[in-house]
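> Sequence:
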Amino acid sequence: MKLYDSTYMRESTHKLLILFNGSNESTWNRRHHMFILTLNNKLFLAPINNPKRVMDVGTGIGIWASYGLQLDLGDDVADVSQGRRRQVSGSRRTDLSPTFRATPAPNLLFEIDDCCSEWIYPPNHFDYVHVRFLYASIADWPAFYKECFDHIAPGGYIEHSEPRPDLLSDDGSIAPGDIMHQCSDLAKEASQNFGKNIMIAPHIKTMIEEAGFVNVVEKQYKWPIGEWPVDRKLKDIGRWNMQHWFEGLDAWTLRLLTQYCGVS
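This note's numbering applies: residue 649 is where the sequence shown begins, and numbers increase by one.
By construction, these hints were calculated from the structure, which means they are not laboratory data. Treat the hints loosely; a few may be bogus.
What the hints assert, rightly or not - Listed next, with one range per pair, are the computed distances between beta-carbon atoms:
#: 1; residue 1: Arg812; residue 2: Val862; range: 23 to 29 Å
#: 2; residue 1: Pro770; residue 2: Ala791; range: 16 to 22 Å
#: 3; residue 1: Val862; residue 2: Met828; range: 33 to 39 Å
#: 4; residue 1: Pro754; residue 2: Gly825; range: 52 to 58 Å
Just so we're clear, the structure is a prediction, and the values are computed from it rather than from any experiment. For each residue, glycine too, the CB sits at the ideal point set by N, CA and C.
Required output: the full structure, derived from the provided sequences and hints.
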């Protein structure tokens, strides 16, 4: 869909706010690199062992699934699909729009599908479901997690990573009333008007447990903005994150604020 001279995710029952253009693709690449830095060159933390089917939900350009087949998940993956990722002797990933990039892996499939609808796969089909950066994409998270639970085999795993879109400070330098707080509050208000809460991160663990998953582990990481940290790893992440914000801000806010919060 064309809007403000930009291309957005096609409209459907489960409309999204995602902007698609060359700049946004670069944003996805930077975001992936920040995850790799954060997880110490790992693609995931779940203790999966020889999974047969992996799903990458909301795969976007498919960078996570492509690297997973070559590295952590190995070449014996069989299936990754529906914007979710799975590993077997064939792999699939899916999304709502064809933003995928070509891959030489014969066991990796891209599928266009809607993870907010009833899933088309058999029960207990996947060994691992990977989800990240889907905030502002799903209105009914409990229903989504229920689909994940019903389609993950006993002993399988779900791994979900989301950012907090509000900016926080350890030293109180972002005080109440600060322009950064105002921007965060405006974005949260707009997302509520849109019908998809962007503040999903603090609630993920509880909702996953309520869906039926057990032994749920939550880890929190800091993503600084800028090169101010003393720690070399955080400084590197901050350098990438600063550019991530510069390139991604239009995609995150333009439609949300103008159409759902009255900003002009």
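> Determine for every hint whether it applies to the structure shown.
So, going through the hints one by one against the coordinates:
Distance hint check: the CB atoms of Arg812 and Val862 are about 25 Å apart, consistent with the given range 23 to 29 Å. Roughly 19 Å separates the CB atoms of Pro770 and Ala791, a value that falls within the hinted 16 to 22 Å. Between Val862 and Met828 the C-beta distance comes to about 38 Å, which sits within the given range of 33 to 39 Å. The hinted window of 52 to 58 Å between Pro754 and Gly825 holds, with their beta carbons roughly 56 Å apart.
Comparing the model with each numbered hint stated earlier shows that all of them hold.
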